[in-house]
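Each of the two chains sits in its own frame; use the hints to bring them together as a complex.
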Amino acid sequence: MSLDIQKIRGLFPVLHQEVHGKPLIYFDNAATTQKPQSVLDALTKYYEHDNSNIHRGAHALADRATRYYEDTREAVREFIKARESAEIIFTKGTTESINLVAQSFGRKFIGKDDEIIISTMEHHSNIVPWQMLCEEKGAVLKIIPINEAGEILFEEFEKLLSKKTKLVSIVHASNALGTINPVKKIIDAAHAVGAKVLLDGAQSTSHLEIDVQALDCDFLAFSAHKLYGPTGLGVLYGKRELLEAMPPFLGGGEMIKEVTFEKTTYNDIPFKFEAGTPNIADVIAFKASLDFFKSIGKPAMKAHEDSLLAYANEQLKDIKGFIPVGTASDKVSVLSFNINGMHPFDVGQMLDAKGIAVRTGHHCTQPLMKRFGIEGTVRASFGVYNTKSEIDKLTEGVAQLARLKNK
Amino acid sequence: MSSIKEIQEEIVSEFEILGEDKESTIFYIMELGENLEAFPESERVDENIIKGCQSKVWLTADEVDGKVHYKADSNTDITKGLISLLIRVLNNRRPEEILKADLNFIERIGMGSIIGSQRSNGLSAMIKQMKLYALAFQTKQNA
Chain P
1 MSLDIQKIRG LFPVLHQEVH GKPLIYFDNA ATTQKPQSVL DALTKYYEHD
51 NSNIHRGAHA LADRATRYYE DTREAVREFI KARESAEIIF TKGTTESINL
101 VAQSFGRKFI GKDDEIIIST MEHHSNIVPW QMLCEEKGAV LKIIPINEAG
151 EILFEEFEKL LSKKTKLVSI VHASNALGTI NPVKKIIDAA HAVGAKVLLD
201 GAQSTSHLEI DVQALDCDFL AFSAHKLYGP TGLGVLYGKR ELLEAMPPFL
251 GGGEMIKEVT FEKTTYNDIP FKFEAGTPNI ADVIAFKASL DFFKSIGKPA
301 MKAHEDSLLA YANEQLKDIK GFIPVGTASD KVSVLSFNIN GMHPFDVGQM
351 LDAKGIAVRT GHHCTQPLMK RFGIEGTVRA SFGVYNTKSE IDKLTEGVAQ
401 LARLKNK
Chain L
1001 MSSIKEIQEE IVSEFEILGE DKESTIFYIM ELGENLEAFP ESERVDENII
1051 KGCQSKVWLT ADEVDGKVHY KADSNTDITK GLISLLIRVL NNRRPEEILK
1101 ADLNFIERIG MGSIIGSQRS NGLSAMIKQM KLYALAFQTK QNA
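Top line first, the protein sequences correspond to chains P and L.
The numbering of the first sequence is my numbering, which starts it at 1 and goes up by one.
The numbering of the second sequence is my numbering, which starts it at 1001 and goes up by one.
With the rest of the complex left out, here is chain L (with noise of 0.2 Å):
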C-alpha cells in the first residue's frame, strides 16, 4: 500500500492535468465521489453528521486489525468527491500514522479556490472528524 504521501503525489499529478480548468476539475471532482463505498442507510442518522458543514455529511469510523476504516456519504455530490479524496489518503491506516498525516495535497491543488470558502471550511471540519476518530482508536489501543 502506497504512503500517505505517494498517494498526496497522485492526486497532486492528477489535478495538475486538469490545468486551470475550473468546470473540469469540479466536473472530476464529483466523478470521484462516484467511487465512495456504499454508505449504510442505517448509519444515516444525526449523530454521524459532521458539524461545521454546509451540506450533509455522514461519517463513521471502525477499527480493523488496528487500523481506521472510514466510511462516509453527503447529499451533494462535490461534497462526495472531497470526502473519497480524504477517504483515499487516509483510510485504513494506523491511528498515529493518520495523527501525524499533513495534508499538503489540499493547498497543493489549490483546493480553497476551487471550491470556495464555505466548502473549504467543510472540508476542514471533515479532516478534523477523521483525526478525532484516529485519537479516540489510538487512546483505546493505547489504554
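Looking at chain P on its own, in the form it has when it is part of the complex (with noise of 0.2 Å):
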C-alpha cells in the first residue's frame, strides 16, 4: 500500500516555507523530525486546559494530568512492546537514558577488570558515558570493529566477548551510516557470556518496529525528538529486574517512598528514576506522536523511506565524485556522502542556499570518521513526508556542485 504523502505533508506546518527563497527540503531527520500539527495542538491544549503538577495533587487538574501523562507512559510500552509500564522511564533524551544506565547500573554492577564493549560506530553519547565509568572503576573498554561498508564484523565481536564482559552497549541503526546492526544476534550472544545488552534506539525506533522483549534486550535508549514528538524528552526502558537492582540516579521529590533525616527509601520503579517535575507536557503532547506512527503504520512508513533512500543511491551513484560513505546491505533512510574535492560544510552551505536542509561535520562519531580517513560527511536523511521529487533538486544540486571539482 503506497501512503498518500501529500496528505502527510499537510500535517506538518513546518514544510511549508521558503528558505532563501526556496521551498524548504527537509532533508535533516536523523537530527531532529518535524512535527505534526497534533503534537503541537497536544502541547498548546495542555497548557491552556492541564496545565498542573502531577502525582500526588488533589485536584481535578491535577488528577487530569497525571491520568495523560501515564497515558504515554502505556502508549511507549505498546509502541516497543515492553511487559510492563512500569519499565517505561522518562528521561531528557537518548543521552540522558544511556548516562542513567552508566551512571546507575554501571556504578553497581561493573568494576575493575570488567569489560564494556561498545562498536566503532557509536554517537560519542555512547562512547563518552562509558569512558567515564572506566576511568572512575578500573574498567576496560572494548570496540567492535567494522569493515569498509560499515558493517560490524562479527566475528570480531564474538572474539571480544568474555566472562569478563559485563555489558554491550550498541547502536540499533547509526546515525552516521544509516547501517542496521544485527541487534539479535548481538544479544543473543552477549547474553551467552551473562552480558547484558544496551541499545542505542535513537536512529532506530523511528522506522524498525521494535519489540523489546522479542528482542530480550536489557536496556533500550531513545528520544522522542526523532519520532516526530517533541524535543527534551527521551526514554529509557530497562527490564523490572535490572531496574530494581539499580539504584537512583538522581536524589529528589517524587522518586522517594519516605525520608527521614535518618533515611530514605526509594519509590518504586519507575518513579524511582524520576526525580523532580518531569517535562510533563512534552510527554502528554508524546502520545500524539505515537498515535501518528499509529496511524499510518510503521511498515508502511519504512516501506516509503526504503523507496526514497534506493532513490536517492540510483539518482547520486553515476555522479563524478559523488563519494557514498556507508553502503550497508541493511540501512535505514539515512545517506551519507562527499563530494570529491569539497569539505562537507561547503556543500551543506550550498545545499542550504537551495533549500536544502541536510547535516555536515562528523555527526558526532569522530571515532567512526577517523575510521574512514575522512574529517566528515553531508548527510541527508529521509522521513515520512519527504519525496523523490525532493530528492531530484538534491540530485540536481549535488551534481552541480561535483562538476565544480571533478570536471
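The reader is advised that the hints may include incorrect statements.
As the list claims (entries may be wrong) - Heads up, simulated DSBU-like pairs for lysine-lysine below, C-alpha to C-alpha not over 30 Å straight-line:
hint : chain 1 : residue 1 : chain 2 : residue 2
1    : P       : LYS112    : P       : LYS81
2    : P       : LYS184    : P       : LYS112
3    : L       : LYS1056   : P       : LYS407
4    : L       : LYS1067   : L       : LYS1128
5    : P       : LYS81     : P       : LYS298
6    : P       : LYS370    : L       : LYS1067
7    : L       : LYS1071   : L       : LYS1100
8    : P       : LYS81     : P       : LYS302
9    : L       : LYS1056   : P       : LYS405
10   : P       : LYS159    : P       : LYS142
11   : L       : LYS1071   : P       : LYS407
12   : L       : LYS1056   : P       : LYS320
13   : L       : LYS1051   : P       : LYS405
14   : P       : LYS317    : L       : LYS1056
15   : L       : LYS1051   : L       : LYS1100
16   : P       : LYS294    : P       : LYS7
17   : P       : LYS405    : L       : LYS1100
18   : P       : LYS22     : P       : LYS7
19   : P       : LYS298    : P       : LYS184
20   : L       : LYS1100   : P       : LYS370
The hints are simulated quantities; they were obtained by calculation from the structure and are not laboratory data.
Small disclaimer: the values here were computed from a predicted structure and weren't measured.
Below, the structure written as C-alpha cells:
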C-alpha cells in the first residue's frame, strides 16, 4: 500500500515555507524530525486546559495531567512492546538514558577489569559515558571493528566476548551511516556470556518495529524528538529486575517513598528514576506522535523511506565525484556522502542556499570518521514526508557542485 | 593603494550587484578564495591554526617594510573566500591602520545571514587573530 505523502505533508506546518527564497526541503530527519499539528495541538491544549503538577495532587487538573502523562507511558510500552509500563522511564533524551544506565547500573555492577563492549560506529553519547565509567572503576572499553561498508564484524565481536564482559552497549541503527546492526544476534551472543545489552535506539525506533521482549535487550534508549515528537524528552526502557536492582540516578522529589533525616527509602519503578517535576507537557504531547505512527503504520512508513533511499542512491551513484560513505546492505534512510574535492561544510552551505537542509560534519561520531579517514560527511536523512521530487532537487544540487571540482 | 574604507566600499558594491540570491553570493565567495596567494606547505602546521573556527584556517603574518603581510589558507572553499576578503582589506598596511580598521563591510553586506552563525563566529576569530598579529608588530616597532 502506498502512502498519500501530500496528505501527510499537510499535517506538518513547518514544511510549508521558503528558505532563501526556495521551497524548504528538509533532509535532516536523523538530527530531528518535524512535528505534526496534532503534537503542537497537544502541547497547547495541555497548557491551556490541563497544566498542573502530576501525581499527589488532590484536584481535578492534577488528576487529569497525571492520567494523560501515564497514558503516554502506556503508549510507549505498546510502541516498543515492553511487558509493563513500569519499565518505561522518561528522561531528557537518549543521552540522558545512556548516562542513567552508566551511572546507576554501571556504578553498581561494573568493577575493576570488567569489560564494556561498544562498536566503532557509536555516537559520542554511547562512548563518553562508558569512558567516564571505565576511568572511575578501572574497567576496560572494547571496540567492535567494522568493514569498509560500515558493517560490524560479527566474528570480531564474538572474539571480544568473555566472562569479563559485563555490558554490550550498541547502536541499533547508525546515525552517521544508516547501518542497521544485527542486534538480535548480538544480544543472544552477549547473554551467552552473562553480559547485559543496552541498545541505542535513537535512530532505529522511528523506522523499525521494535519488540523489546522478542529482542530480549536489557535496556533501550531513545528520544521523542526523532519520532515526530517534542524535544527534551527521551525514554529508557529497562527490564524490571534490573531497574529494581539499580540505585537511583538523581535524588529529589517524586523518587522517594519516605524521607527522614536518618534514612530515605525509594519509590518503586519507574518513579525511582524520575526525580523532580518531569517534562509533563512534552510527555503528554508525545502520545500524539505515537498515535501518528499508529495512524500510518511503521511498515508503510519504512517502505516509503526505503524507496526514497533506493531512489537517491540510484540517482546519485553515477555523478562523477560522488562518494557514498556507508554502504551496508541493511540500512535506515540515511545517505551519507562526500563530493570529491569539496569540504562537507561547503556542500552543506551550498545545498542550504538551494533550500535543502542537510547535516554536515562528523555527526558526533569522530572515531567512525577516523576509521574512514575522513573529516566528515554530508548527510541527507529521509522522513515519512519526503518525496522523490525533493530527491531530484538534491541530485541536481550535488551534480552541480560535483562538476565544479570533477571536470 | 586604496584606503581600507575605499576597499570596503568596493566590496559592498560588488555584493550589491549579486543582490539577494544566496546561491550566487556563496558561489562568488568561493571564487574569491581562488585569488588567495599560495600558502606554503611548511606553514600548514597546528601553531598557525586559528582557534574558534569550525573549518581549519591557517594564518601567518610577516612584517615587510613596516607593513603586515598576511598569508592564509583553509580546508574549505567558502572559508578561503572569506579570508581572501579580509586579506584584500587589511593586507600590506601599517599595524596601526589595521588595529584602527572598522570592518563594517561584513555587516553591510549581511554576511551573518549569508554564511550563518557558526561561520560568522569563525570570521570574528580570523579578524581577531589578524589584529593580534598587527598588535604584536606594532609593539615591536614601538619598542
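For this session: Please work out if LYS1051 (chain L) and LYS405 (chain P) have their alpha carbons no farther apart than 30 Å.
Result: holds, 28 Å
Problem set entry | Pair hint LYS1056 (chain L) and LYS320 (chain P), alpha-carbon separation not exceeding 30 Å | holds, 26 Å
Exercise. Given the proposed pairing of LYS81 (chain P) with LYS298 (chain P), does the C-alpha separation stay at or below 30 Å?
Worked result: holds, 14 Å
For this session: Decide if the proposed pair is consistent with the structure: LYS184 (chain P) and LYS112 (chain P), CA atoms, cutoff 30 Å inclusive.
Result: Status holds; Cα separation ~28 Å.
Problem set entry | Pairwise hint evaluation, LYS7 (chain P) against LYS22 (chain P), where the allowed Cα distance is 30 Å at most | holds, 21 Å
Exercise. Quick one, are LYS1051 (chain L) and LYS1100 (chain L) close enough, alpha carbons at most 30 Å?
Worked result: Holds. LYS1051 (chain L) to LYS1100 (chain L) sits at ~23 Å (cutoff 30 Å).
For this session: For the pair we were handed, LYS1071 (chain L) and LYS407 (chain P), check the Cα-Cα distance against 30 Å.
Result: Within the cut-off at roughly 28 Å; holds.
Exercise. Between LYS370 (chain P) and LYS1067 (chain L), does the CA-CA distance stay at or below 30 Å?
Worked result: violated, 41 Å
Exercise. Holds or violated: are the alpha carbons of LYS1067 (chain L) and LYS1128 (chain L) at most 30 Å from each other?
Worked result: Distance of about 18 Å is within 30 Å: holds.
Problem set entry | Hinted pair LYS298 (chain P) and LYS184 (chain P), Cα distance within 30 Å | Holds - the C-alpha atoms of LYS184 (chain P) and LYS298 (chain P) are around 19 Å apart, at most 30 Å.
Exercise. When you check the alpha-carbon spacing of LYS405 (chain P) and LYS1100 (chain L), does it fall within 30 Å?
Worked result: violated, 39 Å
Problem set entry | 30 Å limit on alpha-carbon distance, applied to hinted pair LYS294 (chain P) and LYS7 (chain P) | Satisfied, since the Cα-Cα distance of roughly 16 Å is no more than 30 Å.
Checked against the numbered hints given earlier, the structure breaks hints 1, 6, 17, 20 and satisfies all the rest.
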